[in-house]
Structure formats: structure tokens, C-alpha cells
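Each of the two chains sits in its own frame; use the hints to bring them together as a complex.
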Amino acid sequence: MSKLGFSDILKNAASFSAQSSIKEDKMELKKFVNEAIKKQAEILKLKDIDENQLKIVIKL
Amino acid sequence: MEVLPFTPENLAHALSNELTTADIIPNKQQYYYYLNYLGEGGLSARTIVIEENYISKDFLHDHASYYVLCFKDYKKVCRRVHFFSEAFDEQTLRSNLLSAEEIPFWESYLGFTVVRPIPYTVIGYTVLRTYTEADADGQRNYWGLRKYKVHFFGHELVLKSLAFQEQDSVLAACATSAIWFTLNKASIDFSTILKVPSEITKDAAKLQTDGNRLFPNKGLTLPQISQAIHIAGLAPEVRTATEQKEDALGDRTLYVKSEFVKKIVNAYAPIGIPIIIGIKVPMYDNSTGNSFYGFHAVTILGHKIGNGNGQFAWKSDNIAKFYIHDDQHGPFARVKFLEDGELQTPWTDSHPQHLPSYVTSLVIPVYPKIRITYEDIESIVIGVYYILIAAFGENLEQQWDIQIKYSEDYKKEILVSNLEDTDKLSIICSNMPKYIWISTLYSGENKVLEFVFDATGVKNAMIGLRLNTFLDEDVKTYIKEFTSERTDDLKSLFGASGIKYIDFLIKHL
Numbered sequence: 083m084s085k086l087g088f089s090d091i092l093k094n095a096a097s098f099s100a101q102s103s104i105k106e107d108k109m110e111l112k113k114f115v116n117e118a119i120k121k122q123a124e125i126l127k128l129k130d131i132d133e134n135q136l137k138i139v140i141k142l
Numbered sequence: 384m385e386v387l388p389f390t391p392e393n394l395a396h397a398l399s400n401e402l403t404t405a406d407i408i409p410n411k412q413q414y415y416y417y418l419n420y421l422g423e424g425g426l427s428a429r430t431i432v433i434e435e436n437y438i439s440k441d442f443l444h445d446h447a448s449y450y451v452l453c454f455k456d457y458k459k460v461c462r463r464v465h466f467f468s469e470a471f472d473e474q475t476l477r478s479n480l481l482s483a484e485e486i487p488f489w490e491s492y493l494g495f496t497v498v499r500p501i502p503y504t505v506i507g508y509t510v511l512r513t514y515t516e517a518d519a520d521g522q523r524n525y526w527g528l529r530k531y532k533v534h535f536f537g538h539e540l541v542l543k544s545l546a547f548q549e550q551d552s553v554l555a556a557c558a559t560s561a562i563w564f565t566l567n568k569a570s571i572d573f574s575t576i577l578k579v580p581s582e583i584t585k586d587a588a589k590l591q592t593d594g595n596r597l598f599p600n601k602g603l604t605l606p607q608i609s610q611a612i613h614i615a616g617l618a619p620e621v622r623t624a625t626e627q628k629e630d631a632l633g634d635r636t637l638y639v640k641s642e643f644v645k646k647i648v649n650a651y652a653p654i655g656i657p658i659i660i661g662i663k664v665p666m667y668d669n670s671t672g673n674s675f676y677g678f679h680a681v682t683i684l685g686h687k688i689g690n691g692n693g694q695f696a697w698k699s700d701n702i703a704k705f706y707i708h709d710d711q712h713g714p715f716a717r718v719k720f721l722e723d724g725e726l727q728t729p730w731t732d733s734h735p736q737h738l739p740s741y742v743t744s745l746v747i748p749v750y751p752k753i754r755i756t757y758e759d760i761e762s763i764v765i766g767v768y769y770i771l772i773a774a775f776g777e778n779l780e781q782q783w784d785i786q787i788k789y790s791e792d793y794k795k796e797i798l799v800s801n802l803e804d805t806d807k808l809s810i811i812c813s814n815m816p817k818y819i820w821i822s823t824l825y826s827g828e829n830k831v832l833e834f835v836f837d838a839t840g841v842k843n844a845m846i847g848l849r850l851n852t853f854l855d856e857d858v859k860t861y862i863k864e865f866t867s868e869r870t871d872d873l874k875s876l877f878g879a880s881g882i883k884y885i886d887f888l889i890k891h892l
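So the sequence lines, in the order shown, correspond to chains B and W.
So in my numbering, the last one in the first sequence is 142, and the numbering has no gaps at all.
So in my numbering, the last one in the second sequence is 892, and the numbering has no gaps at all.
Source of the hints: derived by calculation from the structure; they are not laboratory data.
You can take every hint at face value.
Facing chain B, according to a computed beta carbon distance under 7 angstroms, are these residues of chain W, among others:
no.	residue
1	L603
2	T604
3	T623
4	G661
5	A680
6	E758
7	E761
8	S762
9	N778
10	L779
11	E780
12	D855
All residues carry an ideal CB built from backbone N, CA and C; glycine is no exception.
If we strip away everything but chain W, and leave its shape as in the complex, we get (with noise of 0.2 angstroms):
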């Protein structure tokens, strides 16, 4: 056990190894990013604690599927160091250490990372606390994380976080990094496997894709990213790049629009299952001076709600920053919108430039069960906002939400809800399904009304299961007339089952 205060120069040598000595580490991204979240602007970490000779099973892992069959000895322990936001010394430490009461000391623990015994890419599973929910331009919102219990010589601390790692470049690039982020959250939630690296590589392809052996690894495709998803046990939702403009270079990128991944991420939040995108990277090569892009997988894993209080049509909107685990830079990394489709992300920072970087692609995990898509359910809402405003005109205040929750989630609002006792029972008394999108329009801060539909459903079937409705009674007789009279014409809005959604919004009105 070594016991440091926290500086640039102990931190370096605690992040060393046999292969990757002291003076090398500061040469990594990875280095400058723990300085800084780790430093005074973030957790204020101010000591390291070493322990050596860690057995971690996820290098274990590896280590026997790829580093054993090397010639040389490539070590199976590794080195794990810890981050405490107290100062103390080794005396203090072992002295808290036969203590078997609780005391405040613990509370200062700030989590852990491993140091993988191999050249360079050092950073193996680290588990970090993540900075605190308020802070004073908005609220985070990591809803990413899980519980870890954490065991430092004979006692059990327990961390929200979610796992971290760098790719080994070897067994995994930053695709497998992503996938594995997303396993970390998703093998407690719903109970898929959570697998190592080498294995997410493994299951994502057997050769790479020009032809070449799996290992060394340059890198997956997002079919190979999907494939590696779905044998863990989720179904991959995938979306591509619609739009097209001149990216900061003058060539021709493909982009998401920043409105829908705002969507997207508002809308999965709530089940917490971390998102893959597809980003678009700048880079710069300091021997030519030439910037260039590159093609990089990260995970989202939670958002910032800004605290401006403009008009807008959709609650997401209001998403300001998200959270990433990216694997060349570290856990919980702060991305900002810029220009539609713009991200100024940790590679945006570090570029000399600050070129924006772009989001090209975005994997969704769900659950197999989860049939329902995001849009789909974003249609129907269309058609009941045609509605609205054909029925009151323009001057009818409408911001929607939709997010898909797990209708026990959804119940204990409804709990804690303003709603009347007799709704209330009605709703948790009845039969949902483990799935439910919840459409919700907002007149400011005021519900209107509050869709709930079954996300386990068939596409073309009516799949609205409720309407909560916050209106006076003369609303609504006017909404159920408006629409009765005009059926005809507006069953269209609503596809294959048209007659039956206008049926169900004058039956639930």
C-alpha cells in the first residue's frame, strides 16, 4: 500500500506500470482528463492510495484470451488506485482501517481505477463518483448509472457510477469500450451478460471487415456494433446520418440533427440504459500541421437540463449538454450543442483549432420487448397536435413530451401526482404492461393531457392504453364534439387503426 497526496506528479506515477513508467503517462489524454475531473474545478481529490497486486477479472479475461500466448511475460495483476477527497497519510489510513464502525472518513471516497499491466493503454475498469446532480446553470441528470460495491481492504463501500474503461487497441477500439459501457448499465437492469472486451469484439465478428484477423482489432462497423448488442442479450435500434453540410474542413458531412438526438436521449432516458453514438472527431497531426476527421463510438449516459425558460415545442429542447463515457478521454466528459448537428466534445477541447466535432449515428439498446420506436409513438402525437390545432387554432399553447418508462415508475408518480384520488387508484390499480411511452402536453408548466401507450405493442394496432385528461369539463365536451363531427376525415391521421384512436380520444375525453 502506498499512501500520496494528490498531485500531477504522484498521479502520473500512480497511473504507471512496469512498461508505461511515469514520465510517459502525461503523454495520454486519459492523464490530463483525470487532473481535471479528479482536480480542484471537479472532486477535489487530495489523495492516492495504491494498492498493488489487484486480481481484476476483466483483465484476467483478456489477459487469458490474447497476453498469455505472447513471448513475453505480460503480468495477470494489476494495480488498482483510489481517490480520496480527504487528505490524510498512511497512519490515518490504517488506523480508519480497524475501525468496524461507519465514520465519516468513507465518505470521502471518490472511487477507483485500475492500471492494466501493459504498454500504454493502462487504464483498465475504473469506477469514479460522478459530480454532484445541481449545479448553477442546471440540473444533471445521469440517469446511466448503477450501484457498484467497491471492497478496499476488508470494507464494502458503495458507489453510484458506471464503469469505465480505455480500449487496449488491441482486443477492443472504442466501439467495444462503447458496447461495454452499455453492458455494465444494462446486465443489472435486465439481467443481459455482461462480457469483457475481447469477448463484445468476439461476438461483434469473426474477421474484420476488409478480411483481416479479428486481433488486433482497427475497429467495428455498426452492424457489427448491433450484432455484438443483440448477443448480449438487447435489441439494437439503429439510426443514420440524415442531413448533409459543410463541415469545419469545406468537405461534405453527413450529420443527426441536434433536435432529434435531444429526442432520443429525453425519450430512453428513463429506462437507463446508455445510448452509443457515432461521432465524427477532429484531429490533428502535429508532425504534418494537418487537421483531419475520424470516425469514434461514445455513450451517453445522462443530460443537462439548462435553466432557460424560452418557448418551445418539444420538452427536450431544453437539453443543454450530455454526458459521455468516452473511452480516449474519460468517464462522464461534458459534450455541448453548437450549430444543428454541432457538438464541441473533448476532442472539439484538445483540438488546436477547436473544430466542432459531428453525431453520425445512434444505437439505441432496448429490451427485445421494447417494439414500440420513438417515433412511432412521436406520429401519433403529430396527429393529435393537427388535432388540437385545427380544433383551437394557433393560439394554443402546445410542448410535448414523450419518454418511455417502466409503468411501475410510472405508477409511483402518479402516486405523488396532484391528480384526484379516484384517478389515481384508477391508474395504479390498473393492468400495465412493463413497458409505456408517456406522451404528455404541456400548456407552460401546466399538464393538459397525458397519453400512455403500450411500448410492447404491434406498430399498425391501436397501442393507447390511457388519457389522463387535466381539462374543465367544457374543454373537453368541445374536444369530444370537434373531433366526433370530423372523423371522417381525421381517422387518417392515425394510419392503419385511425377509426380507433378517434374512438379512443372520445372515449377517454
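Chain B with its partners taken away, still in its complex shape (with noise of 0.2 angstroms):
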């Protein structure tokens, strides 16, 4: 089967190796990651449950 090549997985190939200063800038990188975390902690937070709903009766 054909594999996919940069070409097929970026909307603008030819701008990939020009663009993103997060894969050279330390600082900028850091400052990603966190923001993946805080988006994961969103995620996670869905879990959470709100007691104030747990005592309302469902009785239609």
C-alpha cells in the first residue's frame, strides 16, 4: 500500500520547513506544552461530578 508523504498530511507542504518557531525555541515550546496540559485538564475535569444535580429526581 502507498504511505503518506509530507505532502499528504500538510495543507501547505511547501511552508512546513520555513515555519514554526516551536520547534527551535526552548522557551516557546515550554510555553505549548503547557498549554496541552491545561487543555488535558479540561478534558479530565468532564469527569467531575456536580452533587447538586445528583438530588434531582428524573420523573417525567
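This is the structure we're talking about:
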């Protein structure tokens, strides 16, 4: 089977090598990782239960 | 036996009993739902066959635990009403019944509904055929179905469906019915215990939350729903509303984001256990002309993927509708997504101002061994998503799909995939747990990466089992080098087992 190359998975493969300061800048990468961790925390928070909602009687 | 053409009058007659006459039946929402679902725009029923003195095991248990103790002599036998898409008379039916051979006539069988011999809440055990899977505006996926053997006057017919019944409002309210729908499927797939509605309500609580006696039952809370599911042998995963907005009547309402509901439905659909959702539905008081909202529970057992080809971040974004068993309306009812958190339910359709409904909670029953949740996997996916953005920039097309599957189903998919034979053999011959999470990254229609996680593992451990890549060697090498050079920064994307996930990525690329 044919596998995917850079041009298949990038919307604009030509600009790939020139962009993304994250690749080179360590501080920028740290900031980027922190943003991801914040996003992950938001997702895991969806499992938190609002106890007030547990008292509602579902009755129709 | 009575054989009648399918007409509104005959349907009302068929659904009636001694305590609920045919003139009362049209007051029921379910009657109109049946007319629509079984009528010309639906399954196109042409004939009704009424079978008297039918013993319904489900009603018999409820009868024994409650109705038999009433002073009034409630009958224990029911009426069973069968529907056919073919038009025929009694003589034709008798002749077909005498044929021992397979004849096309039986293909027109659409299912049955039991009419209970109690006042008003007459719709008992019901098994009806679904609509076809494909239609003009998308693909229906009824993942919560099972096979039922129906014994019809000496003939065994098989239908793929999910049993339905309305609450009797004494032994069961909507929440009990919603649990019963779910257990009807789980009892086949997971060997859990299928109970009748009165037993489910008894499992849920000893008394009502306000201290009142359990029966007549006025409804259940989320913890009570969970308890009944737990006692039946499944593990409930509960999610409550996280968002707030003004509802259609101007009051603040809590709701679950539509995007999250779609993600959950898409994620858990492959294991086929119907999901219970709490919804806030609009109601109308005819005497005062006032609208108000009430809390209701229904069961999701299918969804429809739309035909839209727009950009999306998650495959689940393509879900356009889902299908529910709503005991107050009927089986396989359509629910459309409106604004965020808002739904068009049968309650919306029957409200004079068509006010929207809101999802307020989700109860996902799973097999107890499935300990890793959808959110645990999405959190890992977000880590990979950010690594790829860091490596390739925003120009990388990423669409993700997260689903839990039986490993045997996954191996069957692999067999017919376009992977190379060596990769296929490596996957199908590998040991896997019964339940696995599959996270797939797509670029357009093409698979890019496919992660396999152990759904039975421990959250803080490294639960990755495999990574299948569909990339050129130079792309893989690039990602591998990018990741290994930045391990110290990137490992914090995967919590306690961060370094193990980075090693896993590098090893499998």
C-alpha cells in the first residue's frame, strides 16, 4: 500500500520547513506544552460530578 | 385471532383493553408515534393481527409483585398485537400458518406490541423492526440492537431490535424504563441480569428520596439509576452538566455540550450498550396555557452520520442525529442537534412552540473491566495532537476518532484493511485484552496513525499496546527525531508515565 508523505498530511507542504518557531525555541515549546496540559485538565474535569445535580429526581 | 387492515381506528382498537377503551387510546402520545412510525412514511404496515390471552413474562412478574395484591381483579393475561407490511385477510393468514416451508410472507413481519390489562399505560413489551440503515441524508447506525425470537402461532420469526415498553407509572417511571431498555441489550452481550421494571426500581432504592414509599414510584435520581445498573452487573459512568445558558423560557439551565454528547455516543457505540441520558424537556399545561420544563430519562441506541463533508476536528462531529427509546413517545425516536446543548426531541415536536430540550446528564453503562474512560484517552490524544502541531505547525490536517472496541472486532477490521500482510499478521496474532480503545488520526480520508490502548488497564500506567503508522519512512524518522530531541519537555504531556509514552512513540514509529 502507498504510505503518506509530508505533502499528503500537510495543507501547505512548501511552507513546512520555514514555519513553526516552536521547533527551534525552547521557551516557546514550554509555553506550548503548558497550553496542552491546560487543555488536558479541562477534558479530565468533565468527569467531575456536580453533586447538586445528583439530587434531581428524573420523573417524567 | 383477529386480522384487521392497519388504519388509525383499528390501531386504537388493537391497543385498547377493558379498562382503556379505543376512544381513550388517541389521548396517548404513543398512539400517534405508532401511527407515524408504522404508517406510510415509516414501516408501511398494512395489516394488524391481534392475539388474545398472551402471557407476557415481563408483565407477569410485575403483576405478581403488585397488581395481584389489589382488590380489583386485574387480569394476568395480555393481548399481543402484530404488524405486517403485507395486506392479507384471516383466510390467507391461516393458509400461510399451515405452510411449513420458508415463504416470503414472513419477511413482511414488522414486530409486535403487548397490550397490558391495566388502566391507560397499556404499552407493554414491544419489539419492532427499525428503519433501513441507509437513507437519502446519511447512514443510520443502530448499534444497540440484539436478536429476538418471536413465536407467532407455531412459527419462529427473528427480528433485530431493542425491546421497548412504556412505564406503568406505578412500578416504574421513565428512569426505570430507560434502565430496562439498556439491560435488554446488555443481558445478551454481557450476561448481566435482565430484570423486570419492578425489580429494577427495587434495586435502585428502598424508599423514594423524599422518604415516601417506593411504590407508586415517582422517579429516580442519578445515584439510584447507577445503583440499579451496578446491581445488574454493569459499571455506570456518570457525567453531569458542565455548562450554563438561558433556556427557552428565560431561566438558567445546566446542559452538557453537544460536542461532548456526540463524542461519548461515537466512542461507546462499538460495544453496543445503550446509553442513558437525562434530558430537560418542554411541557405544556393545556388548562393554563403555561410552558414549563421537566426532567426525563431516555436511552440512546443508535446514531446517524450526516452527509456533510465540511472540516472537523473529531469524527464524532459528523453525527447529525441519534435514536432513542423514549417511553413517553415510542421506540427509535429521532433526536436532532440544534444550538449547542439543545436538542429537537419528540417533546420539542409535540410542544406548541416547539421549545428545545437540553441534555443534563449521561449514564454510560460499561462492563466492569473497562476502567479507562473516554476522557483518559482524549487526554492522551491531546498530548499527541500537540506534539504533531509542534513538529509540523498548524498546517497539519488532524481529524481524530476515539472508539472503544472488542479486540476481536478490531482484528476482523484489520483483516480487511489495506495494511501489508506482515503488519496484519503481527496485529491479529498479538495478545490483546477483550476491550481496547482505538484512537485514529486521519488526514482527509486517509489514516495517518492508529493507537491501540488497553481499556482494562490502570489510568496512571502506560496503556499503549500498539501504534500502526501509515506514513513514509522519512516522515516517521522526522517525528521520531523531533520527539526524542525534546523528551524532557514533551514527557509532561502524558502525566505520571510521560517518559514511557515518549518511549512508546519512538519505539513504534
